[in-house]
Amino acid sequence: MTVTKAVESLEGVMSRYAWRDDPNSIRAKSCGACYEYYFTYAQQFRPAVVVEIGVQRGYSAIAFLLGYPEIKRLYLFDNDADGYPLAEAVRQIERAKADLGSATELVPVLLDTQSVGALPIPVPVNLAHVDGRHTREAASHDLGLVAPLIAPGGRIVMDDLWHTGVLEAARVFAHEYADWQHTTIPAHTTHQLSTRPR
Amino acid sequence: MGSLRLNLGSGNDWMPGIVNIDCRNLLPPDGITFLRADVADLSDMFADGCAAEIWAKDVLEHFPQAKAAKLLDEWIRLLAPGGILHLKTPDLTALAEFILRGTESDETKAYRVYGGQDYAENFHRAGFTVPLLRSLLEARGMEILEARGHEGTNLVITARKRN
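From first to last, the protein sequence lines stand for chains A and B. Positions 2 to 199 (the numbering used here) are the ones given, in order, by the first sequence. Positions 1269 to 1431 (the numbering used here) are the ones given, in order, by the second sequence.
To be clear, the hints were calculated from the coordinates, so they are not data collected in a lab. Careful: at least some of the hints might be erroneous.
DMTMM-like cross-link-like pairs, simulated, lysine to aspartate or glutamate; straight-line CA separation at most 25 Å [what the hints assert, rightly or not]:
no., chain 1, residue 1, chain 2, residue 2
1, A, Lys73, B, Asp1312
2, A, Lys73, B, Asp1306
3, A, Lys73, A, Asp113
4, A, Lys98, B, Glu1372
5, B, Lys1325, B, Glu1372
6, A, Lys98, B, Asp1298
7, A, Lys73, A, Glu37
8, B, Lys1338, B, Asp1281
9, A, Lys73, B, Asp1316
10, A, Lys98, B, Asp1312
11, B, Lys1335, B, Asp1281
12, B, Lys1338, B, Asp1306
13, A, Lys73, B, Asp1309
14, A, Lys73, B, Glu1372
15, B, Lys1335, B, Glu1321
Just the calculated beta-carbon pair ranges, DEER-fashion [to be verified]:
no., chain 1, residue 1, chain 2, residue 2, range
16, B, Lys1377, A, Glu95, 38 to 44 Å
17, B, Gln1385, A, Ile186, 54 to 60 Å
18, B, Gly1409, A, Arg172, 42 to 48 Å
19, B, Arg1430, A, Thr136, 32 to 38 Å
20, B, Gln1385, A, Thr136, 49 to 55 Å
21, B, Gln1333, A, Arg172, 53 to 59 Å
22, B, Leu1413, A, Asp83, 30 to 36 Å
23, B, Ala1337, A, Val124, 23 to 29 Å
24, B, Leu1400, A, Trp163, 40 to 46 Å
25, A, Asp83, B, Lys1377, 48 to 54 Å
26, B, Asp1316, A, Asp83, 56 to 62 Å
27, B, Pro1349, A, Pro198, 50 to 56 Å
28, A, Gln45, B, Cys1291, 33 to 39 Å
In silico negatives: residues of chain A with every beta carbon more than 12 Å from chain B [said to hold, decoys possible]:
no., residue
29, Glu37
30, Gln45
31, Arg47
32, Gln57
33, Glu71
34, Gln115
35, Glu138
36, Trp163
37, Leu168
38, Arg172
39, Val173
40, Ala175
Yeah, the Cβ is synthetic: ideal placement off N, Cα and C, and Gly gets one too.
Use the sequences and the hints to build the structure in full.
Written out as structure tokens, the structure reads:
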């Protein structure tokens, strides 16, 4: 699938949801770039287990699913603090799954990740998307939670480096995990892709 | 200890602000977080000691008696040290008295003993008394905080996983 066609299919699916008019949605030109990357990461990396901290409306999760509907299990962590219920995001992601004919197992977990020292996940993770609280301390904490779970060759996507705190957390993480490969993607809100060596 | 809270075998008895889990493909109301999974084995899904609090209301009796110990093992595995387990299940002693002395119809008595039987999992396959469930929990390192029989025809036990 070409990038153009991928983006078209992404928008096609997204446009059918209740939040299609949301100015922050994937259809909004100013916000599409990061989802296109997420779509591509999933398509290229073909992750079996994906973890997302900070689900909000579920756009990123859907972008991952669109890129690779064969994701085996998708953990969705949120604490509902943004006023948008995790349950509602899961409902939208379920609709995307149905559109895609995907059998991905969604595991919604209502949890404030800042309150725990480890995530309740027993298996290695192939791709983690960290998009929780955007302070330096909180972002560092979330990175510290997912990093030990990442399988060799697995990745962490750290979103929203345009927030100073997140940017600092990402830099500290890159320093502490110097044997990983870290790439900053300056698209839209800027994210960091960190890859654990095999 | 983490703040993860689970409502195992939720059915439609939804609890807000908590992960409701059931084997059926249910449609929860707005704002309710729901996960479809087998509560008898969550080992592939959740790590040891991840939960601060677990509810299992009207669940134990739907599994064979011989599986009760394994079920409790699994739920206690999920609890962090100090975590709390809330159990509610039919009380055999109270049920016996209800059958012998209760003024309800025989249909109601049969329903209380055998379950609703309106879907495959809704059959009662096991029965407990307070002493039986207490001993099962204590044998697994749980401290009993509260144990009451005769809650209607149910028993209620709250227990804490020892540190």
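Status of the hints after comparison with the structure:
At roughly 12 Å between alpha-carbon atoms, lysine 73 of chain A and aspartate 1312 of chain B fall within 25 Å of each other, so this suggested pair holds. A C-alpha spacing of about 17 Å is found between lysine 73 of chain A and aspartate 1306 of chain B, which places the hinted pair at or below 25 Å, so the restraint holds. The hinted pair formed by lysine 73 of chain A and aspartate 113 of chain A meets the criterion: a straight-line CA distance of about 24 Å does not exceed 25 Å. Restraint check: the Cα-Cα separation between lysine 98 of chain A and glutamate 1372 of chain B comes to about 47 Å, which exceeds 25 Å; the hinted pair is violated.
This hinted pair checks out: lysine 1325 of chain B and glutamate 1372 of chain B have alpha carbons roughly 23 Å apart, not beyond 25 Å. Taken as a hint, the lysine 98 of chain A and aspartate 1298 of chain B pair is honoured in the structure, with Cα atoms around 19 Å apart against an allowance of 25 Å. In summary, the hint linking lysine 73 of chain A to glutamate 37 of chain A is supported, as the alpha carbons are separated by about 21 Å, within the 25 Å threshold. Using a Cα cut-off of 25 Å, the hinted pair lysine 1338 of chain B and aspartate 1281 of chain B holds, with the two alpha carbons roughly 24 Å apart.
Distance check on the hinted pair: lysine 73 of chain A and aspartate 1316 of chain B sit about 21 Å apart at the alpha-carbon level, within 25 Å; holds. With a C-alpha separation of about 21 Å, the suggested pair lysine 98 of chain A and aspartate 1312 of chain B falls inside the 25 Å cut-off, and the hint holds. Among the hinted pairs, lysine 1335 of chain B with aspartate 1281 of chain B is consistent with the structure: their alpha-carbon atoms are about 23 Å apart, no more than 25 Å. Restraint check: the Cα-Cα separation between lysine 1338 of chain B and aspartate 1306 of chain B comes to about 13 Å, which is no more than 25 Å; the hinted pair holds.
At most 25 Å may separate the alpha-carbon atoms for a hinted pair to count; lysine 73 of chain A and aspartate 1309 of chain B meet this at roughly 17 Å. Between lysine 73 of chain A and glutamate 1372 of chain B the CA atoms are separated by roughly 49 Å; this puts the pair beyond 25 Å, and the hint is violated. The straight-line distance between the Cα atoms of lysine 1335 of chain B and glutamate 1321 of chain B is roughly 22 Å, inside the 25 Å bound, and the hint therefore holds. The supplied range of 38 to 44 Å is met by lysine 1377 of chain B and glutamate 95 of chain A, whose beta-carbon atoms lie about 40 Å from each other.
Checked against the hint of 54 to 60 Å, the pair glutamine 1385 of chain B and isoleucine 186 of chain A passes, with Cβ atoms roughly 56 Å apart. The given range of 42 to 48 Å is respected by glycine 1409 of chain B and arginine 172 of chain A, whose C-beta atoms sit roughly 44 Å from each other. Between arginine 1430 of chain B and threonine 136 of chain A the C-beta distance comes to about 36 Å, which sits within the given range of 32 to 38 Å. For the pair glutamine 1385 of chain B and threonine 136 of chain A, the beta carbons lie near 53 Å from each other, so the given range of 49 to 55 Å is met.
Taking the beta carbon of each, glutamine 1333 of chain B and arginine 172 of chain A are about 58 Å apart, inside 53 to 59 Å as hinted. Leucine 1413 of chain B and aspartate 83 of chain A have their C-beta atoms about 35 Å apart, which keeps the hinted 30 to 36 Å range intact. Between alanine 1337 of chain B and valine 124 of chain A the Cβ separation comes to about 26 Å, which falls inside the hinted range of 23 to 29 Å. Separated by about 59 Å at the C-beta atoms, leucine 1400 of chain B and tryptophan 163 of chain A break the suggested range of 40 to 46 Å.
Here the CB-CB span from aspartate 83 of chain A to lysine 1377 of chain B is close to 50 Å, well matched to the stated 48 to 54 Å. At roughly 30 Å, the beta-carbon separation of aspartate 1316 of chain B and aspartate 83 of chain A lies outside the given 56 to 62 Å, and the hint is violated. Between proline 1349 of chain B and proline 198 of chain A the C-beta distance comes to about 35 Å, which lies outside the given range of 50 to 56 Å. Hint check: glutamine 45 of chain A to cysteine 1291 of chain B, Cβ distance near 35 Å, so the stated range 33 to 39 Å holds.
In this structure glutamate 37 of chain A is separated from chain B by more than 12 Å, as the shortest Cβ-Cβ distance comes to about 29 Å. Every CB of chain B lies more than 12 Å from the CB of glutamine 45 of chain A, the least distance being 26 Å, so the non-interface label holds. Its beta-carbon lying about 20 Å from the closest one in chain B, arginine 47 of chain A satisfies the requirement of being farther than 12 Å from that chain. Even its closest Cβ contact with chain B, about 14 Å, leaves glutamine 57 of chain A beyond 12 Å, as expected for a residue assigned away from the interface.
For glutamate 71 of chain A, the condition that its CB be more than 12 Å from all CB atoms of chain B holds, with the nearest at approximately 17 Å. A cut-off of 12 Å between C-beta atoms contradicts the statement that glutamine 115 of chain A is not in contact with chain B; the least separation is 9 Å. The claim that glutamate 138 of chain A lies off the interface holds: its Cβ sits roughly 18 Å from the closest Cβ of chain B, which is beyond the 12 Å cut-off. No beta-carbon of chain B comes within 12 Å of the beta-carbon of tryptophan 163 of chain A; the shortest separation is about 29 Å.
Non-interface status of leucine 168 of chain A relative to chain B is upheld: no Cβ of that chain comes within 12 Å, the nearest being about 28 Å off. Here arginine 172 of chain A stays apart from chain B, with its beta-carbon at least about 28 Å from theirs, past the 12 Å limit. Every beta carbon of chain B lies more than 12 Å from that of valine 173 of chain A, the smallest distance being close to 24 Å; the non-interface claim holds. Chain B leaves alanine 175 of chain A outside its interface by the beta-carbon criterion, the shortest separation being 27 Å against a cut-off of 12 Å.
Hint check: violations occur at hints 4, 14, 24, 26, 27 and 34; the rest are consistent with the structure.
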